[in-house]
Each structure stands twice: as structure tokens, then as C-alpha cells.
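Chains A and B, in that order, are what the protein sequence lines are.
Take any residue in the first sequence, count from 1 to its spot, add 1: that is its number in the numbering used here.
Take any residue in the second sequence, count from 1 to its spot, add 1: that is its number in the numbering used here.
Warning: the hint list may mix true and false statements.
What the hints assert, rightly or not - These stretches of chain A come out as covered by chain B in the derived footprint (C-beta under 8 Å, 3 or more residues): (1) 97 to 103; (2) 245 to 253.
Said to hold, decoys possible - Negatives, chain A to chain B, calculated, CB over 12 Å: (3) Arg5; (4) Arg21; (5) Ala39; (6) Ala70; (7) Asp114; (8) Ala178; (9) Ala207; (10) Pro258.
None of these hints come from the bench; they were simulated from the model.
We put the beta carbon where it would ideally sit given N, CA and C, even for glycine.
Protein chains: 2
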Amino acid sequence: MAERQLITSIERRLGVRGDRFARGRGEDAAVVRARAVAVTSLDTVVEGVHFHRYTHSASDIGHKALGSALSDLAAMGADPGEAYVGLALPRALSGAFAHELVEGMEELAAACDTTIAGGDVVEAGRVSVSVSVTGWADAEEELAYRDGARAGDIVGLTGPLGASGAGLLLLGGAEAAVPAAVREGLLRRHRRPCPLLATGRALAGAGVTAMIDLSDGLASDAAHLTDMSGVALSVALAAVPVAEGVEAVALAAGRDPLEIAVGAGEDYELLFTAPAGAREAIAAAAGEVWWIGRVAEGTGLALEDERGEAVVLSGFEHL
Amino acid sequence: MAERQLITSIERRLGVRGDRFARGRGEDAAVVRARAVAVTSLDTVVEGVHFHRYTHSASDIGHKALGSALSDLAAMGADPGEAYVGLALPRALSGAFAHELVEGMEELAAACDTTIAGGDVVEAGRVSVSVSVTGWADAEEELAYRDGARAGDIVGLTGPLGASGAGLLLLGGAEAAVPAAVREGLLRRHRRPCPLLATGRALAGAGVTAMIDLSDGLASDAAHLTDMSGVALSVALAAVPVAEGVEAVALAAGRDPLEIAVGAGEDYELLFTAPAGAREAIAAAAGEVWWIGRVAEGTGLALEDERGEAVVLSGFEHL
Chain A
2 MAERQLITSI
12 ERRLGVRGDR
22 FARGRGEDAA
32 VVRARAVAVT
42 SLDTVVEGVH
52 FHRYTHSASD
62 IGHKALGSAL
72 SDLAAMGADP
82 GEAYVGLALP
92 RALSGAFAHE
102 LVEGMEELAA
112 ACDTTIAGGD
122 VVEAGRVSVS
132 VSVTGWADAE
142 EELAYRDGAR
152 AGDIVGLTGP
162 LGASGAGLLL
172 LGGAEAAVPA
182 AVREGLLRRH
192 RRPCPLLATG
202 RALAGAGVTA
212 MIDLSDGLAS
222 DAAHLTDMSG
232 VALSVALAAV
242 PVAEGVEAVA
252 LAAGRDPLEI
262 AVGAGEDYEL
272 LFTAPAGARE
282 AIAAAAGEVW
292 WIGRVAEGTG
302 LALEDERGEA
312 VVLSGFEHL
Chain B
2 MAERQLITSI
12 ERRLGVRGDR
22 FARGRGEDAA
32 VVRARAVAVT
42 SLDTVVEGVH
52 FHRYTHSASD
62 IGHKALGSAL
72 SDLAAMGADP
82 GEAYVGLALP
92 RALSGAFAHE
102 LVEGMEELAA
112 ACDTTIAGGD
122 VVEAGRVSVS
132 VSVTGWADAE
142 EELAYRDGAR
152 AGDIVGLTGP
162 LGASGAGLLL
172 LGGAEAAVPA
182 AVREGLLRRH
192 RRPCPLLATG
202 RALAGAGVTA
212 MIDLSDGLAS
222 DAAHLTDMSG
232 VALSVALAAV
242 PVAEGVEAVA
252 LAAGRDPLEI
262 AVGAGEDYEL
272 LFTAPAGARE
282 AIAAAAGEVW
292 WIGRVAEGTG
302 LALEDERGEA
312 VVLSGFEHL
């Protein structure tokens, strides 16, 4: 079978990181030496929904599929482990496409200390990639969850937002006068998201009370954290860092830069809450962070302008 | 987001089996208390390739997707654990379709002591389901692999073949004079394959030297086991049990019953090798098994007729 030959040829190009992977090449399943706690997430990216073949190379698609899955492990503060890949490809695509896709994934796996330990290849009408990732921890208490935010906590963010959304606007044809290096940076951020695994582990170890990765966008993801924790959370929009070039690209596309920054998603920065007293410990562990809000008794997420008044982001559609 | 509401509503209907699942509902990832060795496999089924919506109900699709993934754990002799589900659905399908699909999966999960611990739902042009399953063992040596067959071993099989292939021929319109109960049995076998988890564990514990599940068909899968073990393997076709009704359906469809039995696949019986001296121990542990061949020095798989001459299965196409 052509699919089995392709799998064998892919397996030969995959490295093994660490000493957990016991066996799996050519087997029914992969065998991995476990630690005490397994942390697993599965994500799927689909052609025409999460990417297009005319805007993303095969390598970009592989990178994006693995990157968005690994970001869930970053948000838990887990150590990276293994990835399992379900590749659905139209018959008309050559083996070269599959190899390039897996190479893009393998490059990120190597950078993230992850072993691509198994998977399958099937025929489908459109390209889609499902990636299941498993990370590890020594105890449940080492991990960060979405439900631990408490009244009095402050709200932190690991980096500027909007780059991925601006990159998508550029792919959609927005013509903005931004320097070539900035433009490339925005496109790369959209096409090849980098999971913040080391930062996530450092934050989980430095006393964050809740954490989530920004896949859907600050507005949506902060709301999940708020709901899961049963608290009220307010974000001072003026304190939210916006990535370089986002304003110019948004305006060129006739969009509100703030809506791109807080609504477009796929930035994969980490949003977290922590006791006010942990501020220094967190900065020492995770490097530069932005403090953008606070947690109070109550329910619901409020996005506030400089006068503390609620901002309604109308007209925003998920990109 | 509608997808998130759907996920929440699905999560509410899922049970938790055993005490491994620590948390995961509403989180970035599922957290599971591990045993020493994790065994993981990911499988994808795609509409138009592995099933059609006019031949498989949503419940059948869910059952089939989970069943084929769990069968890989059965072939390793692992204890079942968790499943992670990536559901890709056309926008035109209602939430009822997704719920019915997951209910079919959950019914099998309950029967197989498996917790559906996570997953996602995305939009796609056609229905596809990726399932990653993780099973557990206390030591690598407890598991069975494909590469352990040795010269002198005998070759065993857990049950009659061809039922799934005959079921597919019936779905394709074959008109065979078989009793209604037999017909229903063949259809059910194709639509709702049952992973032999308990049998696989019993066999792994009773001294099998190599094992594989019959997903592609005896001819293909025995060849993988042969190649991985670096041995020669011969199967006496006259000794291979064929399921009731297969002959009648194959002949009605103008097909060779033997080719359906050994080539059509998706029966999910287990094929294994064992030292001749383990014959009684294996029968005691796993119940009725069929001894269908032997392992010798050399390479390659031979399918032999009653005179020991090689049979070439020409004209067979994978269904």
C-alpha cells in the first residue's frame, strides 16, 4: 500500500528526543515510558478553514498544526513529550507534499523537545492534520488550570498581541506601508506559531493561579478563564501590548487595530492570573510580562478603556 | 462560539471510567494519572473512503472510529485508557449528528473501559474522525510487538474472517440468499467493529511472540508481521476459518470467498505467533483460537493450498 510506504519513509526522517520513546516505528502503537501525570490535547487544522494551500506551504501547515497543539501543553505548564499525527491528503498531492509537511512539523518538534511518535496517513478530499500531543509532569499540582483565578489576583500576559491577525490580513491582500522585516514577521507569526513551552513551565512553577493560551483571542479566551474560575475579570485595554505593524496593517484593511489585537486570535501568547504578591517572582521566572488587568468577586469579563468604562467590540468577526 | 458550545454539551454526556482521569473538561488539555508505560495510536476515518453517510449512521461512524483505534491497543496487549477525538464536520450537519456520533463512540468506550478524555470539533467539507487512544501497561515486556516471531513458532488467529468484507459487499448491493440474522451480523461487523482488548491482553500474557490486528486483511497484515520479525511465515488457507455467510455473499457478488476472507480487512481479529509449546496455555487464556500456519527461517509470507503449494490471490482490490 502506498500509504504504508509513505509512513515508513516519513518514519525514517523522524528523530527521537529524550529517553521516553521505547518503540513504535512499524508497530500498531507507540510505546512510551511515562512520568506520573500525562497531559494530552488533540487539535485539527483543516484546509479552507485554518489555512489555504495558496497562503501556507506544506511546511507551514505542519508547523502550524503541531504548534497550535503544543501551545495547549504550554498553557498547562507541562513538559513536552510526544506527538501523534493524523494526515489526511487528497490523492492528487504527491508524497513530496507529505514529506515537506512532516519536515515542517519535525523542525518544530526538534525545537520543542518533542518526538513525533506515531500517526497515520489517509486519503481525503482536502488537506487536514490532526495532532495529538502528550506532555508530562511529576504531579498534578505542578500544572496550571483555567479554574484557579481568585478575587484580588492580577492578570498577566506574555507578549504583544495581534501579529497573527495582521499576518492573516496581509495574506488577504491588505496593502500596508510597513517595513519588509515587520511584514515578514507578521506573516511568519501567522503561518508558524511558536508554543511557549518553557515560559508556560516557568509560569506554572512561579505561582500562577490560572493560565490559558490565546488561540481564539484575548476576548474569547479570557472569558473562558473567567467562566471556569467563577470570577469577574477586567482587562485595561490601554495596557494590552500590540505587536509592531499591527496598527498599520489593520488600518490599511479598514479594521480597528484593537479588535485585531484582542479578537483575531492565534497569537498563542499565554494569559494568566497570579496573586499580586507573586509579581516579582513571575517576572524573574518568565522574563518580561505585561500586567493588564485584575480579578474580582463576581462573574464576567470586562474590557475597559482608560477611564475604566466598558468597551464593546462590535462588528468583530473571527477572522 | 458554536463549536465550543457543542464541545461543552458533548462533554456533559461523557462518562469517566477508572481513577486515572484527573481533569480535562473545559481545560486546554486532559490530565491523566499515568502507569509506567503509555501505548498510543492515532487513526483517522474519512467519509467517502472508510464509510459513507448513506451506509453508516452517525453512531456507526463514531463506533467504527473508536473501534479501529482501540484495536491497535488490543494488538499490543495494553489495558485500555483514554481516547481523544478530533471531529471534522460539514457546517450543514446539525449538532444532533455530532451528538449521535459521540454517543456511538461513548457506548463502545463504556464497553471497553475507556474514557473519552478530550478532543475538538472543527468545520470541514466532509465528515472525518481522528481518534487517538492511549492504553497502559506496567512494563514494556508485558506488551506484544510485531517483531518477535521466531522460526519454529506456530501462527494463531482469534476468529473467523471475512465478515466485515462481506458486510461491505452487502452495503454495495450484493444480493445473497442468507438468513436475515446472518446478514445483520455481517453488516454489524462492518459498521461496528469490536476491538478484542481482553483477548489481546490474555494472549500477550500467555506467551505470544508477536501479534497484529487484522485491519488491512490477513494477507497484508501477516506480511507486516513477517517483515518486522525477519522470518518466513506460511499460512495454510484451508485452516483459516471463514465467517458464516461470507461464501454466499462473495459468490453473489462474483468474488472469491477466500479473497474476501484474507484480503478485505477490517475484521479486527488478532493474528499472533507463539512457541509450539505454548499452545495449551494460549487456548486456556484466550479461549478458542485457530492454528493456521508456521514460522520458519527466511523471509516472506506464503499462502498455501492443501497441497502446500503457493496461492496467488490475483485480481483482489482492497475494498
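How the hints compare with the structure:
1. For the stretch 97 to 103 of chain A, the stated coverage by chain B is violated: 0 residues have a C-beta nearer than 8 Å to a C-beta of that chain, whereas at least 3 were required.
2. For the stretch 245 to 253 of chain A, the stated coverage by chain B is violated: 0 residues have a C-beta nearer than 8 Å to a C-beta of that chain, whereas at least 3 were required.
3. For Arg5(A), the condition that its CB be more than 12 Å from all CB atoms of chain B is violated, with the nearest at approximately 8 Å.
4. A cut-off of 12 Å between C-beta atoms contradicts the statement that Arg21(A) is not in contact with chain B; the least separation is 9 Å.
5. Separation of Ala39(A) from chain B is inadequate, the least Cβ-Cβ distance of about 5 Å not exceeding the 12 Å criterion.
6. Residue placement check: Ala70(A) does not keep its beta carbon more than 12 Å from all beta carbons of chain B (closest about 9 Å).
7. Remark: the non-interface label on Asp114(A) is consistent with the geometry, its nearest Cβ contact in chain B lying 17 Å away (cut-off 12 Å).
8. The Cβ of Ala178(A) sits about 34 Å from the closest Cβ of chain B, beyond the 12 Å cut-off, so the non-interface label holds.
9. Interface exclusion of Ala207(A) from chain B stands, the closest Cβ pair being 18 Å apart, more than 12 Å.
10. Annotated as non-interface, Pro258(A) keeps its C-beta farther than 12 Å from every C-beta of chain B; the closest such distance is 23 Å.
When the structure is compared with the earlier hints, violations turn up for hints 1, 2, 3, 4, 5, 6 and for no others.
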